[in-house]
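**Student:** What follows is each chain in one-letter form.
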Amino acid sequence: MITFVKRPEPSKAWTIATPILAVILTMILGGLLFAAMGKDPVAAIRTIFWDPLFNEQFAAYSRPQLLVKAGPLILIAIGLSLGFKAGIWNIGAEGQYIIGAITGASVGLALYPLDAWWIFPLMVIAGALGGFLWAMIPALLKTKFNTNEILVSLMLVYVAEQILASAALGFLRNPEGNGFPGSRNLSQIPAMSNPELITGTGAHWGVVAAFASVVAAYVLINKHMLGFQIRLTGESPRAARFAGVKDKLLVVFCLGAAGALAGLAGLFEVTGPAGQISIDFGAGYGFTAIIVAFLGRLNPIGILLAGLLLALTFIGGELAQFMLGLPSAAIQVFQGMLLMILLAMDILVNYRVMILKKEAS
Amino acid sequence: MDFGGINPVILLASLMVASTPILLAALGEMVTEKSGVLNLGVEGMMIFGAVCGFIAAIETQSPAIGFVAAAIGGAALSMLFGLLTQIFLTTQVPAGLALTLLGTGLASLLGQNYQGMSPPRLPDMNIPLLEDIPVIGPVIFQHDAIVYLSLIMVVVVWAFLKFTRAGLILRAVGENHAAAHALGYKVKAVRFAAIGFGGAMAGLGGAYISLVRVPQWTDGITAGIGWIALAIVVFASWRAGRVLIGAYLFGGITVLQLNLQAAGAKVPVELLSMSPFLATILVLVVISARRHGASNAPAMLGRIFHTS
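Residue numbers (the numbering used here), protein chains in the order written: chain V, 1 to 361; chain L, 1001 to 1308.
Derived from the structure by calculation, the hints contain no laboratory data. Please read all numbers here as calculations on a predicted model, not as lab measurements. Check before you lean on any hint, since a few could be wrong.
Among the chain L residues that face chain V by a calculated CB cut under 7 Å, a handful are [to be verified]:
(1) Leu1089
(2) Val1093
(3) Leu1109
(4) Asn1113
(5) Trp1158
(6) Tyr1248
(7) Met1274
(8) Ala1279
(9) Ile1281
(10) Val1285
Cβ atoms here follow ideal geometry from the backbone N, Cα and C, with glycine treated the same way.
Could you build all of it, start to finish, from the sequences and the hints given here?
**Tutor:** This is how it looks when you write it as C-alpha cells:
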C-alpha cells in the first residue's frame, strides 16, 4: 500500500526536478493528444519546442519573438508570485494589464502631437499607475470589507474588457482612421514608441523591465524583511500575525505590486509589439502568467525560465498552426495540462512516498 | 403593456431562461463547497459541458441526450479536479484555476468543427391549466424541461442537505473532516461525490447556454457565468433558497441590460455589458461587509484532508 507522509520541509531536489518532469510528461501526453487529432506527434512537438529556436528557416523570425512574448509573461508572473506566496490570489492580472495599456496610451494620446523626450516615461508611469489602481479595487475591498479578492479581481477582467472595447471604439479611436476601430498606432509615433532596443533580439523596454523585476523580486524575497513577511504569511498566517505582520498592508502591497507590473506589461505591449489599443488587445497574458508563476515555483529565477518556456509554446504553437494545421486551442490545452500535471507533482515536494507492507496490525 | 419597448411579461419569462444556467451551476458548486471543497473550475466545467452537450445534441439530434452528455462531461472533467485535490493533495485554488484553463482549451478544441451549426430545439413543456393563468402562466409555466429541473433541484438540494442522512454526512465532512473521519465516514469518497455532482450541474448549466439560450457554439460562450455562479454561492451564504434568489437576481440584470441594449437605451453598450459583473462585485461587498466575522462558510472550505 502506498501512503504519503508529510515532509517537515519541502524537498529542495524535488522542487527543482518536478517542473522539468512535468514539462516532459506534458510533452508525452500532449504528443498523444496530437496523435489523437491525426497529427504526427514527434513532428508537432519538434515544431513547437525545437524549430522556433533552431530551424534555420524560422529561427531568424522566431528567436526575437521569444523575448517579445516572454517579457509580459515574466513581468506579470513576478507580480503574481508575490501574492501567491502569501496566499493572496490575484487572478485578474489580465484586467490590470488592459487598464495599464489604456491609461498609458490615454496619457500619450492626450499630448499628441507633442514631441518631447518625457512623454514615453510619463506614459510608463501612467501605465503602472493604472494597473496599480485597478488592483487596488480588490485590495481595498479585501482589507475594508473582507471581500473575496479572487472573485473581485476576476470580475474586473470582464469590466476591463468592456472598457477596452469602449476605448477602441470610442474615446481612443483614431480620428484619422477612417472610422475603423482602434487607436492611433503608438509604435509609429516617435515620442510614444517602445522600439526594439538591440536589433534582432526582440528586446524592448518591457523585456528590460522584466529582467529588472526578476532581480528586484529576488532581492525582496531573499534579503528584505517584507519578503520574509510574505513567505511567513503564506506558510503560517497565524504565526505571521503573532510576529506582528500587518496582513492588510501585505494585501495592499502584493496586489498593488502585481497590478503595477501588469499595467507596465500592458503599456510596453501597446506601445511596442501590439502598437495600438484595439478590441482584441487582451491576448490572455494575464492568465498564462498564472501558469508561469506556478511552473517557476513562485521563484524569480524559475519564473524567468518558465516565462521563456511558455513564450516558446506560444511561438511554436503559431508555427505548428501554420505548418501542421494544429489548431491554436491545442496549445491552450497543452498549457492547461502542464499546470495540472505540475500541481499533481507537488505531492513529491511536500510528501514522502512510502510503500507499506501489509502487516497484521 | 410596454415600458420603453420592453414587455414585462416577456422580460420575466426570459429572466427565468437567463437565470437557469447560473442557478444549475451555483447549486452544484454549493454542494461541492458544503463538503469542504472549493472548486474554482466552474467556468471550465460549464464550458466543457456546453461543448459536450452541443456535440452530442447535433450528432444524435436529441437535446435530451445532449444534456445527459453535458452532465457526464462536466462530471468527468471535475474528476480531474478531484484527483488533484483529493489524491494528489494539491491546493484547491490553483487546481480550480487549472481546471478552468484546461476546460476552456478542451472546449474550443472540440468545438471548432461545430461553429455555426444549429442544435435541435428543446421543446417547451407547458404545464396544463397553470399555463393559462394570466401573467403568471406565461412567466413561470411555459418553459422547457430544464428550467423546471433547475427549480426542482433547488428543493432537492435543500431537502437533501437538511433532512437526509447522506446530506448530514456531507455537511459533517465539510464542517470537520477529522471528526467525520474518526466517526468512520469516508471523507474522500464523500468529497469525490460532491465534486462530481458540482461538475454535472455545471455541465448542465453550460449546455443550457449552448443548446437553449444562445443556441450556437462559439468560443468562450459561457462568458464568465461560471465565475458569477461562484460569487452567488457566497452571496447565498451556502443556502439553496438564497442561491435561487441570487441566480434570479443576476439573470434579471442580464436580461434587463440585454433588453435595454436592444431597445436602444441612451446608456453606453459597454456599461450595460459590464453591469452584471459590477453588480456581482457590489453584492459581494455588501454581503462580506454585513457579516461580522461569523461567516456561514463550511469550516473546512479549501482545506486539505490527509491521514498518514
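**Student:** State for each hint whether it applies.
**Tutor:** For each hint, the structure was consulted:
1. Leu1089: 6 Å, holds
2. Val1093: OK, holds: Val1093 (chain L) within 7 Å of chain V, min 6 Å.
3. Leu1109: For Leu1109 (chain L), the interface hint holds, since the closest Cβ of chain V sits about 4 Å away, which is under 7 Å.
4. Asn1113: 10 Å, violated
5. Trp1158: 24 Å, violated
6. Tyr1248: With a closest approach of 19 Å, the Tyr1248 (chain L) hint is violated.
7. Met1274: 4 Å, holds
8. Ala1279: Because about 9 Å separates Ala1279 (chain L) from the closest Cβ in chain V, which is outside the 7 Å limit, the hint is violated.
9. Ile1281: 5 Å, holds
10. Val1285: 5 Å, holds
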